[in-house]
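Here the protein sequences line up with chains A and B, keeping their order. Per this note's numbering, numbering of the first sequence is gapless, rising by one per residue and ending at 223. Per this note's numbering, numbering of the second sequence is gapless, rising by one per residue and ending at 462.
I should point out that these hints are in silico values taken from the structure, not numbers from a laboratory. Glycine included, C-beta positions come from ideal geometry on N, C-alpha and C. Just to be clear, a hint being listed does not mean it is correct.
Said to hold, decoys possible - On the chain B side, residues computed to face chain A include the following (Cβ under 10 angstroms):
id : residue
1  : Ala259
2  : Arg266
3  : Thr267
4  : Val271
5  : Gly274
6  : Ser278
7  : Asp328
Said to hold, decoys possible - List time: in silico SDA-like cross-link candidates among lysine to any residue, alpha-carbon distance up to 20 angstroms:
id : chain 1 : residue 1 : chain 2 : residue 2
8  : A       : Lys171    : B       : Val353
9  : A       : Lys171    : B       : Lys354
10 : A       : Lys171    : B       : Val330
11 : B       : Lys366    : A       : Tyr96
12 : B       : Lys354    : A       : Arg215
13 : B       : Lys8      : B       : Arg197
14 : A       : Lys222    : B       : Leu343
15 : A       : Lys222    : B       : Ser339
16 : A       : Lys171    : B       : Ile336
17 : A       : Lys222    : B       : Ile336
18 : B       : Lys298    : A       : Glu105
19 : B       : Lys298    : A       : Leu106
20 : B       : Lys354    : A       : Gly216
21 : A       : Lys171    : B       : Gln370
22 : B       : Lys298    : A       : Glu104
23 : A       : Lys171    : B       : Asp328
24 : A       : Lys222    : B       : Glu347
25 : B       : Lys64     : B       : Glu76
26 : A       : Lys171    : B       : Ser339
27 : B       : Lys366    : A       : Phe92
28 : A       : Lys222    : B       : Val351
29 : B       : Lys366    : A       : Pro182
30 : B       : Lys77     : B       : Gly144
31 : B       : Lys388    : A       : Arg215
32 : B       : Lys366    : A       : Asp94
33 : A       : Lys171    : B       : Leu355
34 : B       : Lys298    : A       : His102
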Amino acid sequence: MKHILYVEDEREIGEWVERDLTERGYRVTWLTDGNRVLEHLNGVDLVILDVMLPGLDGFTVGHRIKQHAPDLPVLMLSARTAVEDKVEGLSFADDYLTKPFHPEELAARVEVLLRRFGTPSAHPVKLQHLDIYMQENRVVDRETGREVTLTGKEYRLLDFFLRHPNQILTKEQLYEAVWDEPFAGGENTLMVHIRHLREKIERNPSQPTIIQTVRGLGYRVKR
Amino acid sequence: MSRGKWRKSLLAQYLVVVVIFIGLVPLLNSAIIWGYRQFLDIEHGITPKYEYREVEETWHEAAKKMAGDSDAVREEKLKRLKEKYPEATVFWVDGEGVTRLKLPRDADVPDEWTAPMAVAFMKSSVLADPFTVVALLGEDEQDGFMTIQIPRSLFSAPAEQNMYSMLTPFVAFFVIVGLNVGLFVFLSWLFFSRIRRRLTTLQQAMREAEVTGDFVTVPVRKDDEIADLERSFNRMAEQLKESREREQAEEQLRRELIANLSHDLRTPLTVIRGHAYSLAQEDLSEKGTRSLAVIDDKIRYLGELIDNLLSFSLLTAGKYPYRPERLDVVRLLRAITASWYPLLERESFDVEVKLPELEIFWEVDKQWFQRIWDNLFQNALRYAKEGKYVGVSVQVGNERTCLTLEDRGPGLENTRTASKGAGIGLSIVSLMAETMDLKWHIESSEQGTRCFLCKDSPYSRS
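Based on the provided sequences and hints, a complete structural model is requested.
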């Protein structure tokens, strides 16, 4: 079970967020101020942080958390003017939600962040007819039982898709994430790799069901 | 102006300069004359050493005095006179015509004189060179005569014509006038350059204020008209500094107000939303579920409205952080559209993307650009649901390039409720576009609405 650290000073909001997240199967530790956040970071998978806190303000707390645990995802909640907070917040926060937010949206973003930052579990991720063992870099076709061998880049592509499920990813975003360099005419390279990947994992590469093409925008993997 | 004040005025100060000048004039002119004399002396050695009249008088005077002297005394006196006129030939002849003394000793003077010789001597000496003065000795003038001869080159000639003496009056005139004027100009220049320095200091203080916004005061010495100016300037600088500090304090206040207001509005809304959601988890009738959906939608709308209102107030105050950079707007727009796609898809929109495989670079602030398109997509999602269509495209022309968002809603006119809401959102779009030097306009009809964001110039390929 994933452990979420939730820092919110408003009781009325805090109560139902805690309840909601707990009902969704998370373990929630709810703090009403940011002073002792660092003490509670052990074993936490995600931090939800309200910007306006008594005492230490949210940004300072956020910075501290990031310094202490750079790989821990931080989701910022803000009740202030989106802009300034957004600009400053995005400098360290991994995602950002303004109030009033819909509980389902919060949950969705939590899930996305956990997926993105999460350490791969031993259990395989199920993607249609595939079992993907993230930790071992292994992909198995459940229906045929055969193992699919992917190159390093192909695996990274697939991994990136899985960390952003249902999101449409543009060619620039994909290229820069996988090749780790600015997208300057890397289009062909990307297309070639996607084609190879499809040939390996799709039932019918010419009519892909896993990696969707969204015309004019990019690609998407639906879960 | 009071008398005391007048004494310190610029006019009084300048009068001091004039008085100093007048005081210096005699000094100056004596110096000129002395200098000129020296000049002639050094350069041409033309200063006359002796004067005819003076020599003549001296000689006759000396002769008279020697009237009853003994020979030895006479010799002494003549020797002293010779010392006085070192270039002269001096001799005296006694009553018998015998030359008793001649200096220098080897002078060409006969030792004995006859009357004809004396007369011949006298005649040949007239107007000849050397200049000769003969003085008769003795009270009855029977005791002989004494003679002094000095080369004429050592004398001044009243009518002597040489180049320098002819020029002298003219030269002297111009030199004297020139130097006097020069002195006056110099003193005046000193006076004005001090004034100028004070004015420059003042001007520099103003320039500093203009450039850095720092209001510095200038030091005030003296008590003249310029000092008045300096004092006025200092007063003004103080006032401006105060007003700027006040403005900053007000700004700070406004920011806090906005932050607090935003928080105070959003918090209860969040609570309501949370509870509405809880309700939705309960078993409800269809009517109930629908009501809750409306509540949820309105809450979301209120959130956006608050956001827009506060952003708008920041924008119009010029306090919305703005960091422009050169960005590929096609790429940006594609990413923004990609992020809205899932939402649009859920509402059964058909999303048509016609973005070219080009890079188009504009100077924009990334957040602002995002905000503009978020507002436009939001409007399409909210008000053009019936059309179930959204189209994103780029038109590249010779004079301008436009990014376009198209929907098939009922058009702006026909949007019944909350056109004000759309209004604020569009005002923000308008203001932001203008700040980034982009042109934006809307074409709307019953068939749909098209929003254009354009830049006037040929596109620049990367």
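Against the structure, the hints come out as follows:
| no. | hint | in the structure |
| --- | --- | --- |
| 1 | Ala259 | 5 angstroms, holds |
| 2 | Arg266 | 4 angstroms, holds |
| 3 | Thr267 | 6 angstroms, holds |
| 4 | Val271 | 4 angstroms, holds |
| 5 | Gly274 | 4 angstroms, holds |
| 6 | Ser278 | 6 angstroms, holds |
| 7 | Asp328 | 9 angstroms, holds |
| 8 | Lys171(A) <-> Val353(B) | 14 angstroms, holds |
| 9 | Lys171(A) <-> Lys354(B) | 15 angstroms, holds |
| 10 | Lys171(A) <-> Val330(B) | 12 angstroms, holds |
| 11 | Lys366(B) <-> Tyr96(A) | 16 angstroms, holds |
| 12 | Lys354(B) <-> Arg215(A) | 9 angstroms, holds |
| 13 | Lys8(B) <-> Arg197(B) | 18 angstroms, holds |
| 14 | Lys222(A) <-> Leu343(B) | 14 angstroms, holds |
| 15 | Lys222(A) <-> Ser339(B) | 14 angstroms, holds |
| 16 | Lys171(A) <-> Ile336(B) | 13 angstroms, holds |
| 17 | Lys222(A) <-> Ile336(B) | 19 angstroms, holds |
| 18 | Lys298(B) <-> Glu105(A) | 16 angstroms, holds |
| 19 | Lys298(B) <-> Leu106(A) | 18 angstroms, holds |
| 20 | Lys354(B) <-> Gly216(A) | 6 angstroms, holds |
| 21 | Lys171(A) <-> Gln370(B) | 19 angstroms, holds |
| 22 | Lys298(B) <-> Glu104(A) | 16 angstroms, holds |
| 23 | Lys171(A) <-> Asp328(B) | 14 angstroms, holds |
| 24 | Lys222(A) <-> Glu347(B) | 17 angstroms, holds |
| 25 | Lys64(B) <-> Glu76(B) | 15 angstroms, holds |
| 26 | Lys171(A) <-> Ser339(B) | 13 angstroms, holds |
| 27 | Lys366(B) <-> Phe92(A) | 17 angstroms, holds |
| 28 | Lys222(A) <-> Val351(B) | 18 angstroms, holds |
| 29 | Lys366(B) <-> Pro182(A) | 17 angstroms, holds |
| 30 | Lys77(B) <-> Gly144(B) | 16 angstroms, holds |
| 31 | Lys388(B) <-> Arg215(A) | 17 angstroms, holds |
| 32 | Lys366(B) <-> Asp94(A) | 18 angstroms, holds |
| 33 | Lys171(A) <-> Leu355(B) | 13 angstroms, holds |
| 34 | Lys298(B) <-> His102(A) | 12 angstroms, holds |
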